[in-house]
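Chemist: As a plain string of letters, each chain reads:
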Amino acid sequence: MAAVFNLNHHAQYVHWHFFQMSVSNILVIVAMVVVFFAAIFIPFPSHGVNADSS
Amino acid sequence: MTRRERRALDTEAYREWNGGYRSYDLVKEASIALGLILALCVVLTILFSSPDEKPSTVQSWARSDPVDFVTTATTELDGSSGTAGYGPPYNHASGGQHVWFIHLQKWLGVSHPVDTAKDFVLAPLRSIAGQPALQAAVTAYESASAKQQTAWTGAYEKNLTKATAGANGSISVPDGGYGPLPTMMSGLLRFAQGGGLDGVLLTSPQFYQTDYTKPLLFMADGSVLSDRAHAEHLLGRQWGIMNETGSYPGQVWLWLYTFWYQIKPFSTSANADILVMGLMGVLSLALVLIPFIPGIRDVPRWIPLYRLIWRDHYRSVYG
Amino acid sequence: MSVAEDRSWTGRLRRRAVGALPPEKLLPDKQPSYVSSWIYVFGVLSLSCLAVIIGSGTILALKGPGWWHFTGVGHFFNSIHLWSVELFFFFMVVHLWGKYWMAAWRGGRARVWITGAVTFLVAIPCALTGYVSQQNFDAQWISTQAKDAMNSAGIGAFFNLLNFGQMYSYHVLLLPSAVVAIVVAHILLVRKHGVVPPFELQATAAKAPEPTATAESVEQETPA
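Protein chains in written order, with our numbering: chain R, -12 to 41; chain P, 112 to 430; chain C, 664 to 887.
Here chain R stands alone, though its shape is the one from the complex:
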């Protein structure tokens, strides 16, 4: 079963001084940060609030 995108080739890397990371890993980390802030900022649908249930 072949994949739509073949990732079995050498990765692209970002180099900066001693730091190096694959583009794939950078994308995952960026996605995590984006998802985190999106979850905080995107409005949550509000429903009716009941009175105290005591």
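Keep in mind that the hints are not guaranteed to be accurate.
To be verified - DEER-style ranges, computed between Cβ atoms: (1) L725/C - T250/P: 44 to 54 Å; (2) H341/P - V20/R: 28 to 38 Å; (3) F5/R - E116/P: 40 to 50 Å.
Don't read these hints as lab results, they were simulated from the structure. For each residue, glycine too, the CB sits at the ideal point set by N, CA and C.
Given the structure of chain R, go ahead and fit chains P and C onto it with the hints provided.
Modeler: Leaving out everything else, chains P and C in the frame of chain R:
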């Protein structure tokens, strides 16, 4: 009021919620989440599949780089290989890594004994039947003095740097006083290229095998695995701990673990592994104990991201 | 209640369990009004990933460790297993970030934070034993490298990354059991203590009514 009393009041204030509720379907939410995740996994599978690079074998190594194979085998024989000098848990050749007076590697002892000369060279050669000249060479080596053996292996290793591989898989080394070594090493090389050494290295006192310690240690002492790893950016100095073969995302959660290996003093220390393990152990404990660490536990209060998270609640309560 | 019931271990255990987690708390149908942010879904997303990991892992275990190398279906389930692991760590870390910025350990919820952090830490060696059980080049490289870290700490004396049989056993049974046990404890603690209430806003605290502590336990719900 002391800080302790204030914290105790705080704890009680946040213990129970006595405000409003709304109806909520837990099972429905969990079912939707499960469905979404399953769908996402299937989509990612269809788009990207997963990597599966074939493993190296001692046979493939001996065929593709016979000079490296023979060089490694010689270092196993004379005890100068990485495994031979490793220390516990394989042997007593060194004390292993330590931090100050803490020698955990040494204290836990030799639990997986590996005699590199015997396990990787002499015993496999002894298992080859029907080659009297080869067996005579092994006997000649074993009955020589330690000084003579070192002279042979030292001279052989020195000239192996000038060895070349032939088209038929053999190697040719410039002439020198190597004693029985050329016969032994060409015998071992042929055995490996035929696939026999993979099996012999796996052998243990029982029929069923699952322990690959010996073949993996032998291959790791040579270049066959590290050459492939270098090409795939998997070496330590390439931040390899968090990488995967090909262009797949790797183990991103290990970023901090691999980071330490890139900077001093870890990058130049012979005890890098235990230093990093120790440091990450302390940081992991700190992660678990955040609720009890002053300062770290107060950052969420000082940097009020919570005002965004609970903005609906604050609007409804405080206006 | 009969005298025998009062003294029995079974009776005492049942009363303690039901007292801590009555059915309405275990499976509530309402949640506090302040649970209104998408940040709250990452707990259940992480849990769903764990379910897919275990499901796909079970199929891989049913067919044995070599199967996925030789069949398309096997490779398909291996891929599901890999991506569900990537997503598990992805969502679990976002969940951790959210809970940190909410200081979710407040109000006597330290054990909730502790069990969550321990889950993350135990999941890492669980993943490592999986990587070294792949029986391919990746497994060869990871095991021969990571063994140095284990050996340096003396762990290699009883946890041999190069021993496929041992690593496969840890990966398929021992460590997933540990992860599941800690996750169950984590979820039961969330059910028991409820979702942490928001910080009180100091500046407007004077305007807002003081929350009154009551002895009655309140039904609380959390999706996270």
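Chemist: Are the hints correct? Go through all of them and say.
Modeler: Do the hints match the structure? See the list:
1. The hint said 44 to 54 Å for the Cβ distance between L725/C and T250/P, and at roughly 51 Å that hint holds.
2. The hinted window of 28 to 38 Å between H341/P and V20/R holds, with their beta carbons roughly 31 Å apart.
3. Judged by the Cβ atoms, the range 40 to 50 Å given for F5/R and E116/P holds: they are separated by roughly 48 Å.
Hint compliance for this structure: every hint is met.
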